[in-house]
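Position chain W relative to chain H; hints supplied.
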Amino acid sequence: MASSQTAAAPKTSMLAGLTESRGWLSLWFMLPAALLLLIFLTYPLGLGVWLGFTDARIGRPGVFIGLENYQYLWDDSVFRLSIFNTLLYTTAASILKFVLGLWLALLLNENLPFKSFFRAIVLLPWVVPTVLSAIAFWWIFDSQFSIISWALIEMGLIDERINFLGDPTNARLSVIAANVWRGIPFVAITLLAGLQTIPQSLYEAATLDGASRWQLFRYVTLPLLTPIIAITMTFSVLFTFTDFQLIYVLTRGGPVNATHLMATLSFQRGISGGQLGEGAAIAVAMIPFLLGAILFSYFGLQRRKWQQGGGD
Amino acid sequence: MKFTRRDLMRTTAGLAAGVAGSRLIGGTPAFAQAAEPNYTPEDGASLRVLRWSPFVQGDEDAWIANTKKFTDATGVQVRIDKESWEDIRPKAAVAANVGSGPDIMWVWFDDAHQYPEKLHDVTELADYLGNKYGGWYEGGKDYATKDGKFIGLPLAAIGNAIVYRDSWVKEAGFSEFPKDTEGFLELCKALQKIGHPAGFTHGHGVGDGNNYAHWLLWSHGGRMVDDSGTVVINSPETLKSIQYAMELYKTFIPGTESWLDVNNNRAFLAGELGVIANGISAYRTAQINKDNDPKLAEIAKDIRTTNLPIGPVGKSVELHQTTTAVIFDYTPYPNAAKAYLKFMFEQEQMADWIEKSLGYCCQSLKAFADNPVWTSDPVAAPYSKASETLRPNGYSGPLGYASAATMADYVLVDMYARAVTGQATPEEAIAEAEKRANRYYRV
Chain H
1 MASSQTAAAP KTSMLAGLTE SRGWLSLWFM LPAALLLLIF LTYPLGLGVW
51 LGFTDARIGR PGVFIGLENY QYLWDDSVFR LSIFNTLLYT TAASILKFVL
101 GLWLALLLNE NLPFKSFFRA IVLLPWVVPT VLSAIAFWWI FDSQFSIISW
151 ALIEMGLIDE RINFLGDPTN ARLSVIAANV WRGIPFVAIT LLAGLQTIPQ
201 SLYEAATLDG ASRWQLFRYV TLPLLTPIIA ITMTFSVLFT FTDFQLIYVL
251 TRGGPVNATH LMATLSFQRG ISGGQLGEGA AIAVAMIPFL LGAILFSYFG
301 LQRRKWQQGG GD
Chain W
1 MKFTRRDLMR TTAGLAAGVA GSRLIGGTPA FAQAAEPNYT PEDGASLRVL
51 RWSPFVQGDE DAWIANTKKF TDATGVQVRI DKESWEDIRP KAAVAANVGS
101 GPDIMWVWFD DAHQYPEKLH DVTELADYLG NKYGGWYEGG KDYATKDGKF
151 IGLPLAAIGN AIVYRDSWVK EAGFSEFPKD TEGFLELCKA LQKIGHPAGF
201 THGHGVGDGN NYAHWLLWSH GGRMVDDSGT VVINSPETLK SIQYAMELYK
251 TFIPGTESWL DVNNNRAFLA GELGVIANGI SAYRTAQINK DNDPKLAEIA
301 KDIRTTNLPI GPVGKSVELH QTTTAVIFDY TPYPNAAKAY LKFMFEQEQM
351 ADWIEKSLGY CCQSLKAFAD NPVWTSDPVA APYSKASETL RPNGYSGPLG
401 YASAATMADY VLVDMYARAV TGQATPEEAI AEAEKRANRY YRV
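Protein chains in written order, with my numbering: chain H, 1 to 312; chain W, 1 to 443.
Bound conformation, chain H alone (with noise of 0.2 Å):
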């Protein structure tokens, strides 16, 4: 027995070592979140930006060309297009959804008559596939059969049928406010869970000292909001900035490319029209505003300074 427990013990140690030590447990405990990272986002963003450097084409790996379909897109009036459609679409739309998602959770948190099926009701746009909302959307905006047309007309308000999508730039404020619609939600349930955490005791210390309710809000709510205002801006701008199915259901990018959005061009040239390494480098295009995005976020939004209403 003695013999046999001198044997094992350096296997034993060993073994200990890697199931017991701190270290290596903790990278154990790591490893499928690594590995899940590593296969299902590191390698495809990769592939991606590699492709973009590369003129693959459907069913051809292509070969490296360095910038030269970046140089393409930088000459190309309907991926310049792109850029601004996607921008105004996203500040736009992000602006809409935090100010009537805030003053929705403002709402919602006051002591309301029904508030659980208000509340529930609210998410309800947010749970709808994208795709049945767009398809909603697309009859509520068509050409012929718009209600909102309809109505108008019905109440002599107007003698025409609204073009909602024809031309420029009703497409876009269209599109816009159907991209707001389906996004309130979010914004609105996540800062109301936000606005739940910040303690009753500040409102009443700050009401004795005599604030009014503007001052409650700008001076107690928003700076004790603001970290979840960036997490939800963050997600929301990411979400508005990526959108494709809304813009696939509703135009197709047209009319004349006025909503196309990066996104929805990427997939146009990319898979429709077969030019992957155009396409990816498209996608690729994306990441520094993204990035952008990110950083104004979390390093904008969450400084302190910003936070107690201060300036640089």
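Any given hint might turn out to be false.
Unchecked claim - Derived coverage of chain W by chain H (criterion: at least 3 residues anywhere in the stretch with Cβ under 8 Å from a Cβ of chain H; other residues may be distant):
no., stretch
1, 241 to 255
2, 263 to 270
3, 412 to 419
Rather than coming from a laboratory, the hints here were simulated on the basis of the structure.
Every residue gets a Cβ at the ideal spot worked out from N, C-alpha and C, and that includes glycine.
Positioned in the frame of chain H, the structure of chain W alone reads:
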């Protein structure tokens, strides 16, 4: 399109075999039988077919029923999956790229030319069918051949034609539908005046948008590229076609620049429009639902169809949609796949499928042109010419990456839409289209 030495040799060989065969068996068009290939399905073979979702239910039902006959005869199980027609292109591309997926796919337009080396050579089968059934129509054949080899079998052309309300055209003062572009413009002006305007898709509708834009260009003698693939869109003919489109657009119902593929059917069947261009599905939808909806019954009774007007070029030229059945090279059962396609293209099955498709699928082989579906209902007649009048995408250049990408990027559709909506002058719209097309045709 061109009669190559290879074609000549094949035809001559076919004829020689035919003569020899007919001598042996006594006269009937037996030359094809002499060269009949026989494919024995591999042991344990099963097939997966991916097709586009049918627009007319009869098409799917007939295809499945005929497939069952094949399974009963050979024991080869065939699974038929379907996808929305616009999803076929990316699915086929991914299958070709990763080397895995369905054994047979029905692809669109120049898809097969994007990955020809991934497709199984079916020249032997195509030659046999061509010889036996009066030959392939040129347009469909161009889509299915590369360097003289068949990389797929032309399956059908989905015809596009003018669909109009007869009573309103008469009310507008036209006893018959105009045959030329000038007369057509006059009709559209008159229809607008009586409140039943025309509407043609200027939006990113893959089928309707491209059909209309290509008709505008080709009917006026314009081309995207010449025979060598050099972009020649910047031409006086293109300019004339844009000027014509601008005049026509003024007569349309508002909003056509936002239209996708279903908008025109929807508005037409709601009685909003006097004239559209569409597949036969617009008529069939009205016809099928006429018992449940008196309004649709009235529309179905009033619908007439005709081919798109002839422009200065002097003959009928259109894009239509073309679908080709391809076998991927990665299939472990190429013989079963060829046996299946051979079976489905033979007289009994093909004639049945065309008939049950109710005019939606126009034959790719000339011998099927006398199918009763084209004569039983006069509304179907214009669709029988789809394979005959179709011109391949990117005419008159080579099919391939550039032609597919130019169409997928809506270069032509956008050119007309920019000009007709006043976002650019015709010259600016042409210059931009030229630049965009050159990006794809640069190699």
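Do the hints match the structure? See the list:
{"no.": "1", "hint": "241 to 255", "result": "holds (count 3)"}
{"no.": "2", "hint": "263 to 270", "result": "holds (count 4)"}
{"no.": "3", "hint": "412 to 419", "result": "holds (count 3)"}
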